[in-house]
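**Q** So the chains spell out like this:
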Amino acid sequence: MLTLTGICAAVTVSTLFLILAYLVYNGAKSLSLSFFTNLPLGQGETGGGIANAIVGSAEIVGLASLIGIPVGFMAGVYLAEFSGKKLGFLIRYTADLLNGVPSIVIGMFAWTIVVIPLHRYSALAGGLALSLMLIPITARNTEQFLLEVPRTMREGALALGASKWRAIATVIVPAARKGIMTGIILGVARISGETAPLLFTALGNQFWSTSLFEPTASLPVVIYNYATSPYEDWHRQAWAAGLVLLGLVLAANIAARAIVSRGPSLPR
Amino acid sequence: MATGTAIPGMKSKYASGRLRGGDDVVWGVTFLFAALIVAITVLLVFELWVNSAPSRQKFGLGFLSSSLWNPVTNEFGALPFIYGTVVTSFLALLISVPLGVGAAIYLAELAAPRLSTVLTFLVELLAAIPSVIFGLIAIFTLVPVMRGYIGPGLKAALGWTPVFSGPVFGVGYLTAGLILAIMTFPFIISVSREALMAVPRDQREAALALGATRWESTWQIVLPFARLGIFGAIFLGLARALGETMAVTMVIGNSPTVRASLLSPGYTIASVIANEFTEANGKYYVSGLVELGLVLFALTMAINGLAQLVIVLTAKKGSAKA
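Heads up: the protein sequence lines correspond to chains S and D, in order. The numbering used here puts the first residue of the first sequence at 1, with every later residue one more than the last. The numbering used here puts the first residue of the second sequence at 1, with every later residue one more than the last.
Simulated from the structure, these hints should not be mistaken for laboratory data. Among the clues, some could well be false.
As the list claims (entries may be wrong) - According to the in silico footprint, chain D covers these stretches of chain S (three or more CB under 8 Å from chain D):
no.	stretch
1	91-102
2	239-248
As the list claims (entries may be wrong) - Selected chain S positions facing chain D (Cβ under 8 Å, derived; list incomplete):
no.	residue
3	Phe36
4	Leu160
5	Lys164
6	Gly179
7	Met181
Cβ atoms here follow ideal geometry from the backbone N, Cα and C, with glycine treated the same way.
Let the hints inform the model, and build the full structure from the sequences given.
**A** Below, the structure is given as structure tokens:
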């Protein structure tokens with residue numbers, strides 16, 4: 001019976017390796033410099049690339065981080081340092097609720113508040129949608145790591161005469177910075193792989209988008225569109241783009257965990 | 001100087017007396033951002049409600065029970081999508097819960113600590129994979145396998161039951177359920193593993209001292225002890241599966257019908273929104289899709305609420321029973 005559980009573990013872990021193997025096997029042969037620097041070509045033509053998708057993703061994720069990280073961090077600081085019981089419960093519950101909203105519904109929401117008023121699809125809408133997913137993760141993560149800072153450090157700072165905000169800014173937050181940074185990196189990695197919120201906010205673009213108010217290509221949406229298309233060449237590119245996306249996301253995850261495990265731990 | 005609390009400024013502003021000027025500013029700023037979260041969520045529900053108004057007014061509660069989805073005649077019903085969402089999610093749980101809890105038992109009880117850490121890390125990496133990648137794999141590797149081997153195999157063995165009748169397309173409820181199962185593994189495993197590790201050692205040792213085998217101790221003592229946490233894990237996995245869009249959209253088959261056979265194509269709420277939203281014209285079409293989004297939101301909110309409740313109950317009880 002117990003060996004069965006070992007088999008279960010083996011099966012579940014092996015799915016990770018199977019996925020990696022398939023991606024590398026199918027995608028690696030299409031990776032080339034031209035793949036990273038060309039614009040997509042029309043159906044049936046060979047030699048297209050994902051340059052605008054990579055830049056577009058960077059734009060959208062960058063915008064989302066610019067909005068989401070400060071809001072999430074500040075909210076986390078409030079939850080950890082200032083909030084009372086009832087208000088804290090309400091905010092935490094709402095943050096968890098927002099976290100649990102399906103990404104397609106978030107996309108719908110961004111559509112109603114950005115795309116409709118502006119009458120256009122835009123990288124702004126896409127960035128906003130992704131930031132809505134980043135905010136609750138960042139807030140709860142920041143709160144968690146701030147609360148883990150030992151009491152002795154807080155008391156020490158206050159005993160030395162620091163005002164509360166000084167204590168937070170110069171002692172408590174720096175003490176928790178590794179965990180907070182890890183959470184942010186993991187959050188950004190997560191939203192950079194999200195497709196559904198971008199489907200009707202940033203839409204997609206076959207060319208370079210010159211402003212944040214234009215439809216913008218992004219890596220996950222390109223993968224989705226190419227994979228569901230009937231063209232062999234686009235399938236090939238979908239595999240390669242998938243390999244690129246997965247590589248970036250996994251690299252971010254491994255880097256984040258390396259930050260946490262290495263380096264001096266908090267003094268007890 | 002301090003009133004009410006042992007350390008001035010440690011508790012909320014009101015309990016400890018006056019905060020100084022700079023503290024007030026920081027309190028105000030951080031509160032603003034925290035309140036923003038609440039404001040955004042309220043706005044989200046409001047926008048969903050308002051934008052689904054035409055459809056809600058036209059179809060009323062019958063929206064939830066009608067199977068008609070006809071953009072041409074402006075008749076919309078949510079039943080096939082609710083059915084598809086529920087069927088694929090439960091199928092996913094049916095596969096991933098036994099495998100996941102089994103793996104969690106292995107990682108928590110049997111594996112050497114270092115091996116357990118490495119394997120848990122790998123499982124968490126699985127959680128980080130974007131869903132469109134899962135969809136990519138599903139379309140090009142799972143669907144052919146389904147069409148060529150698993151589907152015909154199931155049909156040959158169980159084709160007489162309505163659950164496996166009908167032609168094998170390769171896409172459909174079963175394929176979507178399978179890929180969803182793979183996507184929910186990490187959640188089930190990591191939360192269950194923590195629940196199992198929270199069971200105190202003396203419980204296990206007491207069972208073993210009374211003569212139970214390793215398996216008996218795990219199955220009859222440890223697992224029931226951790227069952228609330230495991231239920232929490234299951235609800236979490238269910239909530240994730242209900243809202244999952246991309247991987248399911250790529251393999252569900254896009255057929256807005258209610259069919260008993262797991263081999264037939266279907267549709268889920270998230271998939272129909274993803275596929276048809278950008279092309280929806282006319283206020284009933286668009287608001288119908290928004291109403292579907294509202295239904296999905298309500299569904300996931302309910303399940304998440306249950307999951308939170310279960311997890312809170314587990315934490316309260318600690319690891320002590322009653």
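**Q** The structure should be examined with respect to each hint, and the outcome stated for every one.
**A** Right, here's what the structure says about each hint:
1. 91-102: It holds: at least three residues are needed, and the stretch 91-102 of chain S offers 10 whose Cβ sits within less than 8 Å of chain D.
2. 239-248: holds (count 4)
3. Phe36: violated (18 Å)
4. Leu160: violated (13 Å)
5. Lys164: Status holds, d = 4 Å.
6. Gly179: Check failed: Cβ of glycine 179 of chain S comes no nearer than 16 Å to chain D, outside 8 Å.
7. Met181: Nearest chain D Cβ about 17 Å off; hint violated.
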